[in-house]
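Engineer: Residue numbers (my numbering), protein chains in the order written: chain A, 1 to 346; chain B, 1 to 346; chain C, 1 to 346.
Note that these hints are calculated values from the structure, not bench results.
On a predicted model such as this, the values are computed, not experimentally measured, just so you know.
Keep in mind that a hint or two might mislead.
The list makes no distinction among identical chains, and a pair is therefore deemed to hold if it is satisfied within one copy or across any two copies.
[As the list claims (entries may be wrong)] Computed list of lysine-lysine pairs in DSSO-like fashion (alpha-carbon distance at most 27 Å, straight line):
| # | residue 1 | residue 2 |
| --- | --- | --- |
| 1 | K9 | K202 |
| 2 | K342 | K268 |
| 3 | K318 | K49 |
| 4 | K322 | K49 |
| 5 | K202 | K268 |
| 6 | K202 | K342 |
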Amino acid sequence: MKFSTIAEKIRITATSSLATNPDHDPELTGVAAVDEARPGTLSYIEGDKFAALVTTTGASALILPQDEGLQAQATERGIAWLSTADPRLGFARAIALFYTPYRPAAGIHPTAVLDPTVSYGANVAIGANVVIQAGVHLGDDVCLHPNVVIYPDVQVGDRTVLHANCVIHERSQIGADCTIHSGAVIGAEGFGFVPTAAGWEKMEQSGIVVIEDGVRVGSNSTIDRPAVGTTRVGRGTKLDNLVHIAHGCQVGEAVVMAGQVGMAGGVKVGNRVILAGQVGIANQATIGDGAIATAKAGIHSDIAPGEIVTGIPALPHKVFLKASAVYRRLPEMYKTLQRLQKQLQE
Amino acid sequence: MKFSTIAEKIRITATSSLATNPDHDPELTGVAAVDEARPGTLSYIEGDKFAALVTTTGASALILPQDEGLQAQATERGIAWLSTADPRLGFARAIALFYTPYRPAAGIHPTAVLDPTVSYGANVAIGANVVIQAGVHLGDDVCLHPNVVIYPDVQVGDRTVLHANCVIHERSQIGADCTIHSGAVIGAEGFGFVPTAAGWEKMEQSGIVVIEDGVRVGSNSTIDRPAVGTTRVGRGTKLDNLVHIAHGCQVGEAVVMAGQVGMAGGVKVGNRVILAGQVGIANQATIGDGAIATAKAGIHSDIAPGEIVTGIPALPHKVFLKASAVYRRLPEMYKTLQRLQKQLQE
Amino acid sequence: MKFSTIAEKIRITATSSLATNPDHDPELTGVAAVDEARPGTLSYIEGDKFAALVTTTGASALILPQDEGLQAQATERGIAWLSTADPRLGFARAIALFYTPYRPAAGIHPTAVLDPTVSYGANVAIGANVVIQAGVHLGDDVCLHPNVVIYPDVQVGDRTVLHANCVIHERSQIGADCTIHSGAVIGAEGFGFVPTAAGWEKMEQSGIVVIEDGVRVGSNSTIDRPAVGTTRVGRGTKLDNLVHIAHGCQVGEAVVMAGQVGMAGGVKVGNRVILAGQVGIANQATIGDGAIATAKAGIHSDIAPGEIVTGIPALPHKVFLKASAVYRRLPEMYKTLQRLQKQLQE
């Protein structure tokens with residue numbers, strides 16, 4: 001594919017500009033990371049860490065940020081380039097031009113076990129050994145990979161893909177255009193037990209899980225249903241692998257949670273929140289819209305909209321950075337303090 | 001169901017009392033969270049955070065704590081109520097009056113693959129595509145959901161439920177009345193490797209996992225078998241999702257572990273211990289009966305019975321709270337210290 | 001088996017020595033942990049914590065460290081022993097003399113679903129309900145336990161074992177002599193999304209996962225494929241359960257990662273690195289050869305070869321130990337500081 005064609009197809013915003021030398025429009029056969037790129041491939045550069053690679057990359061074409069220095073270096077090395085405010089987005093779109101994701105053909109594999117009451121739309125693909133219980137409805141173009149198990153009365157929206165071995169429990173509602181990755185478990189009963197003199201007594205979990213449209217659930221993640229009401233994951237939210245969403249959590253729209261994030265029961269997460277890897281949130285805490293928790297933060301109380309928090313327990317990010325910078329000097333501070341105290345006593 | 005009937009059925013302790021106005025005994029059709037309750041439903045109130053909701057809830061009946069103020073407010077709003085020392089327990093029992101959990105009918109699905117040596121008691125339910133290897137015995141009323149895999153020589157006690165896609169490895173012994181949630185893996189070989197000049201040499205894991213009666217294992221949790229001897233989870237213990245119990249751990253009775261707790265090999269956890277979310281425990285540590293570790297605690301040494309610990313490394317909870325309150329003042333302390341030092345030098 | 005035979009078979013290095021009293025060569029029937037050992041069993045002692053057990057163990061024979069005191073105590077109690085620089089390695093080899101791991105017979109179960117284009121070597125064992133898509137190749141002696149799902153175009157090397165319910169995604173390359181434990185998910189698409197005004201736009205994950213020879217992947221662990229290029233786990237590396245390796249990570253050889261370790265995209269881990277439980281590593285960080293991160297460390301930047309780090313954010317281990325020892329004195333330091341300040345003002 002000609003570079004000019006790619007550039008045309010991935011043009012993103014009015015702020016994008018395109019290097020237009022018509023004599024330098026290489027034929028490209030693929031995409032690659034900038035440090036692994038070979039002639040004939042397109043790559044991209046973003047961020048200070050990778051900028052220097054413009055002088056060494058083997059790529060024949062680059063998507064660059066709006067940085068004239070980088071552009072000049074690319075030109076000098078005979079690399080075709082376009083520049084945009086968001087090279088990573090441009091690269092994402094370029095990958096899609098060269099890559100056809102695996103997608104099973106429509107049809108129901110003869111080994112799949114569907115209850116007679118199951119209903120489904122057009123063009124569904126149901127893989128080998130899939131098991132679907134009574135009262136389930138699948139929308140158009142739903143794809144269930146092998147060994148998926150769906151408990152009774154589940155709804156799955158149009159075009160949603162469930163990867164191998166994931167399990168959707170009774171009464172869950174999965175929206176359209178979702179991707180549920182392998183091994184994820186959605187709608188299992190929440191961890192509800194009440195202490196009694198005779199031990200932990202189970203609280204039945206009669207609620208449901210609702211996953212709105214466009215949600216991504218990572219491999220082996222778990223989202224539990226509550227005792228009453230709904231555990232909800234909002235439209236367009238993306239969860240990485242091994243994430244745990246407990247019973248009764250309300251997760252907003254366009255939220256991102258990185259790997260191994262966990263939240264206890266009844267947590268409320270606003271829209272466009274970002275939770276980095278291994279963040280934990282305690283029972284009933286509320287995280288405001290647009291807040292960010294950095295990796296491993298431990299959140300025990302409410303976080304205001306837009307706030308950035310870090311640490312265990314979580315503090316405002318800047319406060320944490322300053323405090324943690326001093327932390328390593330604690331032994332020295334302790335000694336100094338003892339010395340001063342002695343001096344003053346004398 | 002009449003409120004008076006519910007009240008009768010869930011009466012818990014001698015300390016419960018019941019509002020007895022015979023003219024106000026509403027017919028109830030379900031249960032709901034207090035902030036989502038609509039007329040015709042029963043809810044409950046517990047803790048300061050929710051007390052104010054007595055003035056706004058749509059519930060027709062409430063289970064209240066023994067708080068005369070709340071009772072008066074409920075009465076004033078025409079809400080039928082009963083009060084008890086443990087409203088949450090009352091509510092748990094009320095849910096069970098309205099909710100029938102999903103339970104597959106007894107029988108063995110024709111697609112299940114059972115070795116001829118498998119034996120089982122009365123009324124077992126074995127779902128589609130379940131695979132059971134040689135020498136396995138299932139007790140009465142055992143329920144295996146679809147795609148469960150059981151390796152050889154496993155014992156499963158009466159009434160135990162294994163949810164979809166969970167895997168029980170060879171020789172594991174699962175007690176009666178257990179619930180193993182979807183995707184859990186029990187009895188896989190522990191992480192035993194010995195460093196040698198040629199790399200990590202595997203230590204065969206010849207031991208077994210024993211899960212005693214009444215245990216709950218959460219979705220996608222893992223419990224490994226040891227090199228020799230037993231990894232044990234005691235009677236009535238409840239594990240949340242994505243919990244990791246390594247080879248040779250001895251977990252006591254009525255323990256609770258929240259999501260993503262992990263413990264290294266050979267850890268001993270006493271009875272009635274509570275481990276909050278994402279707690280980690282290092283090799284061979286012993287946690288005394290009734291101890292509590294708060295969320296994200298990192299435990300590297302033994303914890304005394306009844307102790308409450310917090311932090312990484314874990315400290316007595318009160319010590320941690322005081323220290324962490326000062327932590328954010330570290331930069332200010334550092335500056336003050338430098339200033340004082342200078343003053344004294346002058 | 002005679003103790004002398006065992007001693008002969010497990011002899012490890014030139015530094016091993018063997019107690020040679022020919023009159024005391026007990027017949028042994030098994031192996032056991034030193035605190036659970038009964039007459040007729042062999043056990044081992046390693047480390048100060050267990051040394052005292054030489055006086056109480058019921059074992060008839062022991063593998064001891066090169067410690068004359070322990071040897072004398074064992075002799076006095078009539079326990080046969082051998083001593084070696086690495087008793088644990090000796091014990092590992094002794095277990096293997098008594099234990100035959102479960103291994104399904106070769107053959108393809110009639111319920112397995114193999115695409116006609118699947119190819120495989122000699123003596124493969126393919127369990128019930130396994131599903132293998134087009135273009136997959138399995139080497140000799142590969143063992144797939146029940147309900148494994150393999151997406152198209154995967155390669156699996158000789159003698160590799162895939163336990164029940166694990167999922168290998170398209171184009172992954174698994175080496176020889178690997179063990180992939182139950183529920184693990186390898187090669188699923190990485191967590192690649194680009195923020196746009198319209199929400200998170202998916203970056204297709206066109207790369208692959210390569211698992212080199214001799215790798216162990218723990219139960220329910222996840223290893224994702226990247227947008228372009230390769231996610232790699234090097235030869236002989238051992239991963240415990242619930243580990244998360246994100247898209248584009250490069251993990252070296254003979255690395256060990258304990259349970260619930262997680263790493264973000266593009267992390268580079270050198271050879272022989274040890275990551276203890278629940279360690280987290282942020283995007284693009286590089287961990288040098290032989291570095292060690294202790295449990296729960298949060299790594300945000302590069303770690304030099306051989307360095308030992310601890311804490312969140314990770315510090316050199318010794319620095320952390322000293323600082324964390326003072327941490328609990330923070331309240332006392334704060335008060336002292338205020339008092340000194342007041343004194344100086346007066």
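Engineer: Each of the hints needs a verdict: does it hold here or not?
Structural biologist: So, going through the hints one by one against the coordinates:
Taking the shortest Cα distances, K9 and K202 sit within 27 Å of each other only across copies (16 Å), while inside one copy they are farther apart (56 Å). When the C-alpha separation of K342 and K268 is checked against a cutoff of 27 Å, the pair qualifies neither within a copy, at 51 Å, nor between copies, at 45 Å. In this homomeric assembly, K318 and K49 come within 27 Å of each other (Cα to Cα) only inside a single copy, at 23 Å, whereas the closest approach across copies is 30 Å. When the C-alpha separation of K322 and K49 is checked against a cutoff of 27 Å, the pair qualifies only within one copy, where the shortest distance is 24 Å, while the shortest distance between copies is 33 Å.
In the homo-oligomer, the alpha carbons of K202 and K268 lie at most 27 Å apart both inside one protomer (24 Å) and across protomers (25 Å), since each shortest distance falls under that limit. Taking identical chains as interchangeable, the C-alpha atoms of K202 and K342 are never at most 27 Å apart, the minima being 59 Å within one chain and 57 Å between chains.
Of the hints listed earlier, those the structure fails to meet are numbers 2 and 6, in rising order.
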